[in-house]
Amino acid sequence: QVQLVESGGGVVQPGGSLRLSCIASGFSFRIYAMHWVRQAPGRGLEWVACMNFDGSDIQYVDSVKARFTISRDNSKNTLYLQVNSLRPEDTAVYYCVRDAFGSLDSWGQGVLLTVSS
Amino acid sequence: DVVMTQSPLSLSVTLGQPASISCRSSQSFVHSDGNTYLNWFHQRPGQSPRRLIYKVSNRDSGVPDRFSGSGSGTDFTLKISRVEAEDVGLYYCMQGTHWPWTFGQGTKVEIK
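Residue numbers (our numbering), protein chains in the order written: chain A, 3 to 119; chain B, 4 to 115.
Note that these hints are calculated values from the structure, not bench results. Please note: incorrect hints may appear among the correct ones.
Stated by the list, open to error - No farther apart than 25 Å at their CA atoms in a straight line, the calculated lysine to any residue pairs in the SDA-like style are these:
1. K78(A) <-> Y62(A)
2. K82(B) <-> D107(A)
3. K67(A) <-> W102(B)
4. K58(B) <-> G92(B)
5. K115(B) <-> G46(A)
6. K67(A) <-> K115(B)
7. K111(B) <-> A42(A)
8. K115(B) <-> S10(B)
9. K58(B) <-> S30(A)
10. K58(B) <-> D107(A)
11. K82(B) <-> G46(A)
Unchecked claim - Chain B regions said to be covered by chain A (calculated; three or more residues, Cβ under 8 Å):
12. 31-41
13. 51-64
Note that this is a predicted model, so its numbers are computed, not measured. No residue lacks a Cβ here, since even glycine has one placed at the ideal position from N, Cα and C.
The whole structure should be built from the sequences, with the hints applied where relevant.
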């Protein structure tokens, strides 16, 4: 079955950096677009970034452009999110999500990133 | 950005009774491929979201048939024909046609 396992979260000071990872299994990772979606504590869902199957097309929400970088290594079935210049408002659970039928069909369990001094 | 507005934001329903959630968008989002990428998700407390409906009315595998999606243009609806205890939680609509993809605020469903 489809499994997406995120890791790399933690507590970071404002202005700091971190790299989130997502290891995929149970499906052909290399043919799927992948996304990151976040959810601040007690808040709703916010789409963050997307990369198509081969990395040739990337999209970001405006609030993270120039600070976050999505990437993937298809040989390792792994999706990444490099997060730089972190702000307190970036505090959230970050979900790794597969794209099927132009939508978000399979979600990881999420990883918590806390930005605090 | 396409703004997705859900109503109501909170719903208290008696077991076995129907429930309906509305999702309205600030503009139409028919993709150039002809599809309308309107999706519904359910998030139980402490869990990751789960997709229920994609492309307006297509139920995901394993989703009970008491869930149905409908609508067109800028007006969409998720209906639960008979609410069960496991249906509690938050429901989100989301458009996946125009970047950035955008979610509604969420509707909290609880049992009366």
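Inset, instruction - Identify every previously stated hint that the structure contradicts and give their numbers, smallest first. - result: Hint 6 contradicted; others consistent.
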